[in-house]
Amino acid sequence: MNLRAVRAIYLFEMNRTWRTIAQSIVAPVVSTVLYFVVFGGAIGSRITEVDGVSYGTFIVPGLIMLSVLTQSVANASFGIYIPRFTGTIYEVLSAPITFFEIVLGYVGAAATKSIILGLIILGTASLIVPLHVAHPFWMMLFLVLTAVTFSLLGFIIGIWADSFEKLQVVPLLVITPLAFLGGSFYSINMLPPFWQTVTLFNPMVYLISGFRWSFYEIADVSLEVSLGMVTLFLVVCLLMIRWIFKTGYRLKD
Amino acid sequence: MESIISVSHLSKTYAGGFQALKAVDLDIEKGEIFALLGPNGAGKTTLIGIICGILNPSEGSVHVGGHDIIEDFIKTRSMIGLVPQELTTDTFETVWTTVNFSRGLFGKKADPKHIEDLLRKLSLWEKKDSRIMALSGGMKRRVMIAKALSHEPKVLFLDEPTAGVDVELRKDMWEVVKVLRESGVTIILTTHYIEEAEEMADRIGVINNGEIVLVDTKTELMRKLGTKQLTVELHQALDSIPAALAAHDLELAADGTQLVYTYDTQAERTGITSLLNELNQAGIKFRDLSTSQSSLEDIFVNLVKRPS
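Protein sequence lines, in the order shown, are assigned to chains V and L. In this text, residue positions in the first sequence follow the working numbering: the first is 1, and each later residue adds one. In this text, residue positions in the second sequence follow the working numbering: the first is 1, and each later residue adds one.
Pulled out of the complex, with its shape left as it was, chain L reads as follows (with noise of 0.2 angstroms):
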């Protein structure tokens, strides 16, 4: 895949001395949507900000569509668009100037057509002529997203594009970015929401402590860092785990009625036959099995826990 951004090397520290990134290297493929994910602090917005230009890098380089972002800054800031995660926006100006405003700014011609299929798309059309102080939070979450399209990027980053908005307008931003993406742009997206990266990711990259922790496919992460439970529902309920099965990771639950069995699915041998055979040796009967995958959540969790 042809890659449409290329981090190398990038460190940032801001004047107080605090490190937001230790020596990034990072690739983003043309066309695809990639998930950010990572706990606050852990260098999410710095790293957007500095591909965007609104931050100076301390060290290293980045390059968008081939273009160094400090020497061919014109180049690269035409292709991007960028949604922060503040709702920031001129408060007194009207929808439609704010976000004619932005297109303006990157240096298209003005276009009164693609804006109103713009706010259309993104149900603003009503609200044009309204102040934005008068807008609900969703609704200049939308104008946010709408002035950043307004000059028609090739990139778009969503820093954090559905905090604090409700469910229905965040099923309804997922729609219009699969459309997005369908017509051929990179999104880029930093979420706290696991489901979000979850239902959208192509792939997922976990950023903490200001290093890029994992990259990989958002199927290939699941699986390979995916472990499998296997509960069995036993006859009658065991006080403690018999020794004969010490050998085997066991949790008790549900007051002693379920075996847990804790397992890699990548590992050789799962172990799953020897442990129902001496299931069946120690004489404990069971009535059913069970198996469920651990979420993209636990994945998470478990990688920015591991001490760095």
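The following block holds chain V by itself, in its conformation from the complex (with noise of 0.2 angstroms):
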């Protein structure tokens, strides 16, 4: 294992994170306050309790993912893209190192800095309305196990895409509509039967409501569920980029 290879990739991007740390870090949680206000705030303050929780208490781990989930795939999908559109992956290329060393560098890099997102914007909800996290280990290890495994999903789009344009539609058209529908702001039984099965095929059903149960012990779908959807995930991103690396698709040709 090239060790010091994954470390000089993880702290090479960790330092693009802090040179860059307005938009890394502040403009999420900025965007996150302000669904604060306009949510929580303006419309929560018309809706009274959602599954014996108050809505703006409700809203926090759904915000929470969503943010971890969209930053993830953006982190991860700019800095693989951009070493390939000015040419240094190269160097990565060319060097002595494994593609399970080169995705942990760059992986890891990129859920590191989603998870810092998580937990500060966890830190600035808990400023504006009262939080109560009944499974700290469970809430870290939803945290950490979508973190890295939209990191992983972002890896693969940057590596797909062949544009600025394609590093943009995915993320947008894909991640946040299904996030948003996926529960990040309502309970998926405040929706009519019918679409409450449609909502059951959108994966972030799946991590948002395990994640909330972690909070407020209330779920859409029960714990084991969530957790095998997000392991299936990962599994399924990981050998994606083991064929990416194995055929050379979109890097040796």
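Worth flagging that the hints you see were computed from the coordinates, not collected in a lab. All values derive from a computational prediction rather than experimental measurement. Zero decoy hints are in this set.
A few chain L residues that face chain V, going by a derived Cβ cut-off under 10 angstroms, partial list only:
| id | residue |
| --- | --- |
| 1 | Gly53 |
| 2 | Phe73 |
| 3 | Ile74 |
| 4 | Ser78 |
| 5 | Ile80 |
| 6 | Thr89 |
| 7 | Thr91 |
| 8 | Thr98 |
| 9 | Gly107 |
| 10 | Lys108 |
| 11 | His151 |
For every residue, glycine included, the Cβ atom is placed at its ideal position computed from N, Cα and C.
Dock chain to chain to rebuild the complex, using the hints, since each chain is given by itself in its own frame.
Shown next as structure tokens:
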């Protein structure tokens, strides 16, 4: 295991984060506070409770997930797309490192960044609404698994994309809508039965549900199912990345 | 000589169907400076890309230091440093960070002393804290060389190292390359500048249309393929070449005051004696003789012009 290489890539990527601290951390925090003001304060004041939890408090896990999902994808896809775009990828490809080590460096840094971001949002939210985390271990587990899984997805997008437009298209047209419709701002029990069934095909439902359970012990689907779905998604992403490195797709042709 | 890189039957066809390499066989000897010459699109960069692991080969195999580049890529890539043709650098990083990053990426323990020596040798020490975007093109090229040497490779690939670099810097780089060779590093360079190959290389390979057309030592190559020209300065200008001399490969130059005879140094008979005799018999008087040998550039142009 070439740990020095993993460390080099990881630190290089984290450096990029500190250099662009405003857009990396501050911007998502600002937009989350705006959601609180609009959904928690203005609209939420008309909704009393969801599943026995005040609306402002109810949306906190969903908001954190929304940011972690989108930022993981954005961080990881940029992290690998930029070297491809500028050509500096040659060095990583010519270095004595395995695909696993490359992914560990890039995805590790992207996930770290969005975990930090998730915790900052959590801290910010606790200043605005009363919060209680019932199962801190499960909360961290869901946070880490989600950050890693979606950073892997971002990595795949960053390799697939051959233009900046494509880089934006998946997060905008797929990730954000699915996260919004996955129960970030509502319990899927609030939907008509038909749409409840449709919603179960949205993978985000399982992430948000499991994450919310770790806070308030309320969930749309069972914890086991949530965990199983996240793990499944993680494995699918890993297999895709393995295929990418094996064939050299978009990297070595 | 022991070969450090051994390429056999290597082919590469790109997704679009373009065949960049056609069953290339090539051996690079340990410790030599090998120049790969060829026109644009000949396959130079593709060949280097495959050896370094940036491109997948379509067919054939490559061994570096006895190890297969696919099976044992960790070993082969550890031995190789690459300076690509394009100036691709992390523009926001400082020289110091980026060169240390390269060393880490190749799995070598941090060694600030080695990096300092390297930067000093490449006249980059003063710029170590500068962001790369603030450097000139020539300086960026040096940064890329420093990155490639940061992990102490045994083999160094220089893909067009002096393209777009001014004359002074080019001479500096030749010096750096010579010092490296003395320390035992094998160097493979591609270049458009024949002067560069002539100045530095021990052996020269010519590649054209994805095929190695020729590989030989520089001196042998120049001797073997070199034609010479004998220029005869005449007392009186001629309007045309006299019929009596038509058997020789002659041209008139300088308004008819010079007769230029091209001959092959390898031929059994160069034909000089008979030419001079015949000039004498034809009553053509001359006052001076000079010979000149073709440069590597002429040889190269002749090789790639030849239909394959």
